[in-house]
Amino acid sequence: MNDILSFLTSPVVSGFFSASMRLAAPILLAALGGIYNERAGVLNIGMEGMMLMGSLIGFTIGHITGSLWLGVLAAALTGVLLGLILGFFTITLDANQVVAGISINLLCVGLASFLYRLFYGLGLQPRGSDYGIWNIPGLSQIPVIGPMFFQQSPLVYLTYLIIAVSFIVVFRSSWGLAIIATGENPAAAETLGVNVVRTRYISMVISGALCGIGGAFLSLVATSVFLDNMTAGRGYIALAILLLGRRNPLGLLAAALMFGAADALQLRTQLLNIGIPFQFMLMLPYLLTIVVLSFFVRRTDNPAALGVHFKQGGGES
Amino acid sequence: MTQPSPETSRPSVSFGQILQRVFNPDLASTLGSIVLAMIVGAGLIALRGVNPLLAYQALFDGAFGNLNSIAESLIVATPLALAGIGVTIAFRAGVFNVGAEGQLYIGAIASTYVGLKFANLPGYLLIPLMMLTAMLAGGLWAGIAGLLKVWMGASEMINTIMLNYIATFLVSYLVHGPLQEPGSPLGQTAMLPAQAWLVHILPRTRLHAGLIIAVIVSIIAAVVLWRTTWGFHIRVVGKNPIAAQAAGIKVNWILLSALMASGALAGLAGFGEAAGPQHRMIEYISPGYGYTAIVVALLGQLNPLGVLAAAILFGGLEVGATTMESAVGVPSAVVTVIQYLIVLFLIGRGAFDLIRQKLHREKKLEQRT
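Line by line, the protein sequences are chains D and F. Heads up: the first sequence is residues 1 to 317, going by our numbering. Heads up: the second sequence is residues 1 to 369, going by our numbering.
What the hints contain is simulated information worked out from the structure, not anything from laboratory work.
The calculated lysine-lysine pairs, modelled on DSBU-like cross-linking and capped at a C-alpha distance of 35 Å, are:
1) F:250 - D:311
2) F:358 - D:311
3) D:311 - F:364
4) F:239 - F:358
5) D:311 - F:363
6) F:239 - D:311
7) F:250 - F:239
Required output: the full structure, derived from the provided sequences and hints.
What follows is the structure in structure tokens.
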């Protein structure tokens, strides 16, 4: 028993757990946003782009002001703007939700790259400040759990808060009921006085904000730099986590931690040089996504009206 | 047509009708989107403190200013057209193949491997063999996502994106490992034998026969989509899979075969890059052609010949962008932004209809009061 405990508390292992949470947080934040829009019946395929732009704007504002929270706020607003744009395409214009989302993502790759060069030129890569970690008194001293959950960046604690709030909003509030009704049967929801279009727009705003914060986590907390295309598919992995965690905040935490662990594992084995080419380790999170998506997700969980356009006052179109 | 109807026997067609025929709503909205995107792009360029007109002039000169730049634009248009037609076939069936990039890499590495392995074959055997290998490899790579969609109901969109990352890592391993050019520190294979190179088709330029392949493929694809049963089934499944199932069409087979055909064409684009400009496989053989191909397909209105035209436009934009960057110092990424704005405006063209409807309604109300 003592052996197990000393193994789990050794710096290497507790470092691994701590890194798992740190690497899980960005995709977890984006996936939490996805709960709102998918339960309201709209797809947000644009998560990747929203994360990337959040990552750039968050980094830039954090760099200028030296404040983590102003950076996070700016990233959230960037996400909101993109969420409204994508919402306009899908909710109002009835554009194909997948095509519109992919287009937003591709646009953001170019836009982020352009704006980065506009802000910083082609010279040295600026480094952001290190915003440090907060140790939660008492809780951070618990073996294993302490380093994993309670010796983290303040942004991780914000993530816990969002998990708790989302759980209450979606499952315990009347507005949460309106969201779920909008996603399951918008026509019925409308007859009960729910404004379907407004509910869907608000859900896209929340989703965009959380994607933006998730992206900012990458550049502000995880690395302290911005890199072209630094989200590297995390917005799409978040979509897979959303399905695996069944659009439930606690389910998402578990699913995201699994991906964080896979990411932490591949980073560590690259350093250890165990004979497997590093390229194969890099594949790990992507392979895991395919396996999870194909073999561990139940299709029947989808909200009935997910991805279906709703025309106000005129029934479904 | 033994008894021509009064409609067709009319002796002359008015100029207005021709104009209507040429500027159908599709083409008009396409051109409108391009113009709008260029205007927004001009704003971004002005942000940089550069006169947008000068920048656009540099862009155009770099793209189509002389014979060599035209050739360079067409070289870039070739993979965009091939992969774009692939994306078109998948999208027509309602399958979201976002994996052209990975399929291109797999096609390129597989055909290069065959080209090096059978280096003693004559060109007229080796090149077809490499093309077949590229198409097979790209098709099978896409088929992974296709099978997972058909069997497990897994989203092909997410899976094809994940396969892109896996493909680029796999290629990176191969060109730094087993297939690396002996004695070279670079991530590349040995050079292909000369008979495996695509011949140059325009004197004093690098323009290669890949363009001819792309043109032939676009014609074949148009014929297949509109003149064969398989093509008909693809379009029906894309419009309404439930009705297609009810009509006895094997929907799953159509989804899988369309996705695999799509991957095969992206793989062929990879062959064209390896055997055309590069003459070998290199680690970063594509600067995102597979992603740009999606926009090219949408801009071409999912019509193979339209896709070919869109590919030439985008090839020009990509080549012109580098000229513009060096001439007036505007980051070439602004062109990427313009490219994707074109598509967003195209998707958002419904907005104009909404505005028109609203105006119409207000007019009616006014008349009533």
